[in-house]
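Trainee: Dock chain B against the given chain A, drawing on the hints supplied.
If you read the sequences in order, they're chains A and B. Heads up: the first sequence is residues 5 to 83, going by my numbering. Heads up: the second sequence is residues 25 to 340, going by my numbering.
Hints in this document: simulated from the structure, not taken from any laboratory. Please note that a few of the clues may not be correct.
Stated by the list, open to error - Listed next, with one range per pair, are the computed distances between beta-carbon atoms:
1) B:K85 with A:H81: 18 to 28 angstroms
2) A:K39 with B:R207: 26 to 36 angstroms
3) B:N212 with A:D42: 51 to 61 angstroms
4) B:L315 with A:Q73: 39 to 49 angstroms
5) B:G153 with A:G32: 53 to 63 angstroms
6) B:K179 with A:M80: 30 to 40 angstroms
7) A:G60 with B:K221: 29 to 39 angstroms
8) B:L86 with A:N59: 30 to 40 angstroms
9) B:I331 with A:M80: 46 to 56 angstroms
Claimed, not checked - Here are the simulated DSS-like pairs of lysine-lysine, each with C-alpha atoms no more than 30 angstroms apart in a straight line:
10) B:K220 with A:K76
11) A:K76 with B:K221
12) A:K67 with B:K221
13) B:K155 with B:K85
14) B:K91 with A:K48
15) A:K67 with B:K59
16) B:K179 with B:K311
17) A:K48 with A:K61
18) A:K48 with B:K179
19) A:K48 with B:K85
20) A:K76 with A:K48
21) B:K314 with B:K179
C-beta: ideal position from N, C-alpha, C; glycine also.
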Amino acid sequence: MEIKVLGPGCANCHKMEEMAKEAVAELGIEATIEKISDIAEIMKYTMSTPGLVVNGKLMHSGKPLPSQQRVKELIMHGA
Amino acid sequence: MLKDFAEYIVFDLFVMERGARLSGALEFFIYDTLKIFLLLSVVIFIISVIRSYFSPERTRKLLSHKKEFIGNGLAAGLGVVTPFCSCSAVPLFIGFIEAGVPLGVTFSFLIASPMVNEIAVVLLWGLLGWKLTTLYIFTGLIVAILSGIIIGRLKLEKWVEGYVYTIQTGQSIDAPALTFRQRLQLANDNTLDILKKIWLYIVIAIGIGGFIHGYVPEDFLVKYAGPDNLLAVPLAVILGVPLYSSAAGIIPIVSALISKGLAVGTVLAFMMAVTALSLPEMIILHKVIKLPLLAVFAGIMTASIIIVGYLFNSIL
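Bound-form chain A, shown alone:
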C-alpha cells in the first residue's frame, strides 16, 4: 500500500504523519508512507493541508484532523 501525507511541514502535518505511521503499525499492514511537501504535488490532490492520500486517492484534507481511529478506517477503506 502507498500512503502519502500532504503538508508543507507544520505541527498538524507532522501529527498526521505520526497518526498514519501508528495506524499502519496497528493494522499490521505493508505500507510505504511518504511525506509530500512540494506545493505543486500537494495541489494535485487538494488545497487544504494536511492531506492523507491512500493508493492515489485523497481520503482526508484540512483541519480539523481526524481521530486516530478514523485514520485507521480511512487507510483500510483506501486499500
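Mentor: Below, chain B without anything else, positioned relative to chain A:
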C-alpha cells in the same frame, strides 16, 4: 459566582488576609483562570461546530469571480468561519487564484482569518469585556476588507509568481455530509485538542498578569504607554510582529497592563500585530507572491493597524 468561588478559596480556604497584595494577586489569578477556561471551552466548541459546515473548497466556490466590496466583505466573514491550518496559506492562495477569486478578495480572506481567531476573541472578551472585543472584531474585519480592496485596486497581479496560474488542481474529495452528532464529536475533540495545546501558556500568562495586577503600581505605564505618547502605537506594532501566534500567552498580560495605564488603542494595535502580522506567514507567502506585492501587503497592514491604534487612543 466564579468571583465568589475565587474569594472563597483565597480568603476562607487559604485563610489569607483581605486587601493584601499576595491575596489580591491570587484571587485575580484563580478567578481569571476559571473564567477563561470556561469561556474557551464553550466558545471553541461552538466555533468548531459552526466551522464543520464550512470548508475551504466551499468558500472558494462562494468567492469565485466576486466583485469588489461584496467579495471583500464576504471573504473577511468567511475568513473567520472557514477552518484552515496556517500551513495551508500557500496551497489555499493558489487554489483561490486559480478558481478566479480576485487577488484583493483573496487577501481579505487571508487577513481576516488569523486576526479574528476564536482564542484571541475569547481572551479579549473574558479579560477586557465584550465592548472592547466587539470593537476588536469590527475593526479587524474592516482592516481586512479595506486592505483587500486597496490591494485589488492597485492591480498587483503581475507580482504573483507565474507558476500559480499554471498549477493544475486535482479534484478535491467531496467530504461526506456529517450527522449533527458527528459534528458535535468532532467539535469536542477539536476543543480538547486546542485546550491541551494552549492551557499551560494561558495559566502562566494569567499568573504573570496576576502578579502585575497585585504588585505593579497603578498608573505605572501612563507616562510611557498612555494615550499621549505617540510613539507607543508604532512601537507596540513592532513588538507584536515576532510574537506571532502567541495570543494565548499575551492577552492575559496585556489586560493586566491596561489597569496600569496602557492605552486601549495601543492594546488593540498590539493585538492585531500579534495575530495578523506574522513573519513566518510572510516568508511562506513569498513562495507565491513576489517581494513588491509582499511589501505592499505588509505596508498596508502595518499602516492600517497603526491608524486603528491612534483612532481608538484619540476617541476612547
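Trainee: Holds or violated: A:K76 and B:K221, Cα atoms, limit 30 angstroms.
Mentor: holds, 24 angstroms
Trainee: Range first: 18 to 28 angstroms. Now tell me if the beta carbons of B:K85 and A:H81 are that far apart.
Mentor: holds, 26 angstroms
Trainee: For the pair supplied as a hint, A:K67 and B:K221, confirm whether the alpha-carbon distance does not exceed 30 angstroms.
Mentor: Holds, at about 15 angstroms.
Trainee: Given the hint of 51 to 61 angstroms, is the C-beta distance from B:N212 to A:D42 inside that range or not?
Mentor: Once the Cβ atoms are compared, 35 angstroms apart, the range 51 to 61 angstroms for A:D42 and B:N212 is violated.
Trainee: Between the alpha carbons of B:K155 and B:K85, is the straight-line distance 30 angstroms or under?
Mentor: violated, 34 angstroms
Trainee: Does the Cβ pair A:G60, B:K221 satisfy 29 to 39 angstroms?
Mentor: holds, 32 angstroms
Trainee: Take a quick look at whether A:K67 and B:K59 sit within 30 angstroms of each other, Cα to Cα.
Mentor: Holds. A:K67 to B:K59 sits at ~27 angstroms (cutoff 30 angstroms).
Trainee: Are the Cα positions of A:K48 and B:K85 separated by 30 angstroms at most?
Mentor: Measuring from Cα to Cα gives roughly 18 angstroms; hence the hint holds.
Trainee: Checking one constraint from the list: CA of B:K179 to CA of B:K311, max 30 angstroms. Satisfied?
Mentor: holds, 19 angstroms
Trainee: Does the Cβ pair B:L86, A:N59 satisfy 30 to 40 angstroms?
Mentor: holds, 32 angstroms
Trainee: Verify the CB-CB distance for B:I331 and A:M80 against the hinted window 46 to 56 angstroms.
Mentor: holds, 55 angstroms
Trainee: Please work out if A:K76 and A:K48 have their alpha carbons no farther apart than 30 angstroms.
Mentor: At roughly 23 angstroms apart (the allowed maximum being 30 angstroms), A:K48 and A:K76 satisfy the hint.
Violated hints, in rising order: 3, 6, 13; the structure is consistent with all others.
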